[in-house]
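S.K.: Put chain B on the given structure of chain A with help from the hints.
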Amino acid sequence: MDAFLQLTVAGLSTGMIYALVAVGFVVIYKASDVINFAQGDLLLFGTYLIFFNIVQLGLPWTVGVVITVIIAAGIGLLIERTVLRPLIGEPVISMIMVTIGLSSVLRALTNALWGPQPRAFPPFLPGGEVSIGTATVAADRLVAIPLALGLLALLALFFRYARDGIAMRAIADDQLAALSMGISIPRVFAVAWGLSAVTAAVGGMMLGNIVGVSPSIAAVGLRVFPVVILGGLDSIGGAIVGGAIIGLLEVYTGGYIGHGLNLIVPYIVLILVLMVRPYGLFGKEVIERV
Amino acid sequence: MSAMLELNNVEVLYDDVILVLRGLSLRVEQGSIAALLGSNGAGKTTTLKAISGLLDLEDGAVTDGTIQFDGEEIQGAPADQIVRKGLFQVVEGRRVFEHLTVRENLIAGAYTRRDRSELPADIEAVFDYFPRLGERRKQHAGYLSGGEQQMLAMGRALMARPRMLLLDEPSLGLAPLLVRGIFDIIQRINEEQGTTILLVEQNARLALSIADFGYVMENGRVVLEGSAEELSGNEDVREFYLGLGEVGRRSYRDVKHYRRRKRWLS
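Chains as they are written, first to last, in the numbering used here: chain A, 240 to 529; chain B, 751 to 1016.
Hint data in this document are derived by calculation from the structure and do not stem from the laboratory.
It should be emphasised that the depicted structure is a prediction, and the values quoted were computed from it without experimental measurement.
Built from N, CA and C at the ideal position, the CB exists for glycine as well.
Accuracy of the hints is not assured; some may be wrong.
[Unchecked claim] Restricting the straight-line Cα-Cα distance to at most 25 Å, the calculated cross-link-like pairs of lysine to any residue (SDA-like) are:
| no. | chain 1 | residue 1 | chain 2 | residue 2 |
| --- | --- | --- | --- | --- |
| 1 | B | Lys888 | A | Gly476 |
| 2 | B | Lys888 | A | Ala401 |
| 3 | A | Lys523 | B | Gly896 |
| 4 | B | Lys888 | A | Asp403 |
| 5 | B | Lys888 | A | Phe521 |
[Said to hold, decoys possible] Listed next, with one range per pair, are the computed distances between beta-carbon atoms:
| no. | chain 1 | residue 1 | chain 2 | residue 2 | range |
| --- | --- | --- | --- | --- | --- |
| 6 | B | Ile768 | A | Pro385 | 52 to 62 Å |
| 7 | B | Val767 | A | Leu326 | 20 to 30 Å |
| 8 | B | Gln943 | A | Arg426 | 23 to 33 Å |
| 9 | B | Ile768 | A | Leu316 | 29 to 39 Å |
| 10 | A | Leu316 | B | Leu769 | 36 to 46 Å |
| 11 | A | Ile327 | B | Ile768 | 17 to 27 Å |
| 12 | A | Thr301 | B | Glu874 | 42 to 52 Å |
| 13 | A | Leu511 | B | Gln943 | 51 to 61 Å |
| 14 | B | Ser895 | A | Leu316 | 25 to 35 Å |
| 15 | A | Ala401 | B | Leu807 | 16 to 26 Å |
| 16 | B | Ser789 | A | Arg426 | 37 to 47 Å |
| 17 | B | Val767 | A | Thr301 | 53 to 63 Å |
| 18 | B | Ala875 | A | Ser370 | 51 to 61 Å |
Chain B on its own, in the form it takes in the complex:
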């Protein structure tokens, strides 16, 4: 298998002083789903933005290392060029265009497409994945429920026909049942369209359930990696991310122990 995406020793600075990624390396095989796990502030979202070129908007920059997409170096390229190459990030927190209708949101997603005549068919295909959106195609996206907005954010991404999707916390703020539905569709998109997926998730159990490979990040670098099965079986991951410690339920008295273990892990 060949790598669709490969990061080598990537370093990211915000405002020229704050070092957020310190030598991050990871690799996503073509056609696979990779999960990027880690606690708040570990640098997961920054990693995605570094890949998709969205750091610019926040005064961040890749200062070292290389990012290769399909064999081509893309670090520092402007966001719209990266989208044109077939790499699309679904940003965290849904961020649909509230005052545009569902249909117009989807058309906006296809902004970079040259073959405009195929858009109607693709819009129908999105409604096929998300029938709820089809029912509401003429409604303003701002009035959709949280789950529907997440569906729209993903549908919008599909409209660009990306070869690779970066998903930033698709489960954020959604009811468990809805989350399961969204993840089933992520898996379907991966299988039916062969789209490579890099998934950032707080919900490690869910992420590992559909992923082929996983990375655990802490303090701006990868501290643990392995196939989804290996990670699910790993004692530290079980304890810190899946809440399944071998010793059973921990009390607050053991917080110190937790701290010690975490430091060791990084």
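Okay, chain A solo, but in the shape it has when bound:
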């Protein structure tokens, strides 16, 4: 029973971090139908940024986090302005291909700036262990769950009520109509990329805090695919539920069945979902009037 509780906390914390990264996909997909393959590398870059701020510059972690978020947003905006905006109006597939290139560039840049060796990361989430009943769980993992959920809730509110949130969904539905009511497509895309880069950086910070800083963190970008497909490419709620399911599944198979299998299980889910429900649990169904 103790093991179960420990695994559950571990699974949920991983899952919520997955959800944060997944939402980065969702935000960009919602606004522009583009799947951003550079999401994992944005996360990697964010992790090294916070490492740089706290360890190499020696800033207090609160300041470090704020600065990292600001720089991440700036990078998102910069990418949109220089790489994506010239492609507005081109086929979506061109934009998707460009994000693959972007992924290589970001990864190489991170490598050039900080080198390939793994680094120790000074934890800023509370360390130590917390006892729940008879089980002990890592405090940083426990704290990561409400933190990620809070951020996700903020994003959900943004999409539901904010002017730019509604505009983003409007553009996803019908570009011409959105344009006809004065919604500026470049502006909305910029907001999407900024938000997406920030969620990636925050996810990276939490992950770095738990597992340390190394280039292999970028792999989370791919690990998150099953989450996005399971939850639905355009749903924040879906990202949360999908994140929880995949996170728990990974940890349970890792804990009860054995190592190795936990890396495969998410992709088995991915294939099953694509066969049975290609738009995911909460994805946008194609509306057909009869």
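M.R.: Showing chain B alone in chain A's frame:
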């Protein structure tokens, strides 16, 4: 009366080669309803898009002439700036945001508005014009009927509080009874809010019934213009657009005659 909108010798090119408008001129007086008539492919929709700046999305561009809105030249300006100036196009084919609720569609329509605190009152005002929308405010727009979607498209436009509306075939694909209702509301909006309206319509009879002035387009230019009464009385318009030839019903044997007349008209 002063002109709200004035087009002078406007020329529009698609993809740098296809000339769609060739020296089009028209004028819409402030507070009036003007109808733009013409057969398929005459360039009516292109005219509206040239005015509202939506040509960009389709690789079209105004290459010659001027478009003046309220005395200010707007040709080539980006679409969002033109909306901010108070000129709003309701695009053809309704095009509501299917996955947004009725209410959210209306909020999207008010995107350019600065006075966000007045939105709830304006949403109620739209529901006043279109009670059906009020009943369905929380439904996804994709599940509305065709008529309700057209109402929503117009309500969305009203949310921007435009000084001038460009309407592209509001009757498209709707039952005759619904169409009459939509046109009554167009007239109400014009009278109650003083909104100037330029209306593109295939249904010439209906359009002329609410319009003050009308233009007939062919091959990218205006070939006939006049007050709604003059046009309704014009022999050619009666024959080609209203289906009321003096000689009564024509048979297919007279198609040649029709062709000849049309060429002469342009």
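S.K.: Decide, hint by hint, whether the structure agrees.
M.R.: The hints, checked one at a time:
With a C-alpha separation of about 19 Å, the suggested pairing of lysine 888(B) with glycine 476(A) holds against the 25 Å cut-off. In summary, the hint linking lysine 888(B) to alanine 401(A) is supported, as the alpha carbons are separated by about 17 Å, within the 25 Å threshold. Among the hinted pairs, lysine 523(A) with glycine 896(B) is consistent with the structure: their alpha-carbon atoms are about 21 Å apart, no more than 25 Å. In summary, the hint linking lysine 888(B) to aspartate 403(A) is supported, as the alpha carbons are separated by about 20 Å, within the 25 Å threshold.
Restraint check for lysine 888(B) and phenylalanine 521(A): the C-alpha separation of about 19 Å stays at or below 25 Å, so the hint holds. The hinted range of 52 to 62 Å is satisfied by isoleucine 768(B) and proline 385(A), whose Cβ atoms lie roughly 59 Å apart. Separation of valine 767(B) from leucine 326(A) is about 24 Å and conforms to the stated range, judged on CB atoms against 20 to 30 Å. Taking 23 to 33 Å as the suggested C-beta distance range, the pair glutamine 943(B) and arginine 426(A) conforms, at roughly 29 Å.
Restraint check, isoleucine 768(B) to leucine 316(A): a C-beta distance of roughly 37 Å satisfies the suggested window 29 to 39 Å. Roughly 40 Å separates the CB atoms of leucine 316(A) and leucine 769(B), a value that falls within the hinted 36 to 46 Å. At about 22 Å, the beta-carbon gap between isoleucine 327(A) and isoleucine 768(B) stays in the expected band of 17 to 27 Å. Between threonine 301(A) and glutamate 874(B), the C-beta spacing of about 45 Å keeps the proposed range 42 to 52 Å intact.
Checked against the given bound of 51 to 61 Å, the beta carbons of leucine 511(A) and glutamine 943(B), roughly 55 Å apart, stay inside it. Taking the beta carbon of each, serine 895(B) and leucine 316(A) are about 42 Å apart, not inside 25 to 35 Å as hinted. Separated by about 25 Å at the C-beta atoms, alanine 401(A) and leucine 807(B) satisfy the suggested range of 16 to 26 Å. One distance hint, 37 to 47 Å for the beta-carbon pair serine 789(B) and arginine 426(A), holds here, with the actual separation near 39 Å.
Roughly 60 Å separates the CB atoms of valine 767(B) and threonine 301(A), a value that falls within the hinted 53 to 63 Å. Taking the beta carbon of each, alanine 875(B) and serine 370(A) are about 60 Å apart, inside 51 to 61 Å as hinted.
Violation of the numbered hints given earlier is confined to hint 14; every other hint is satisfied by the structure.
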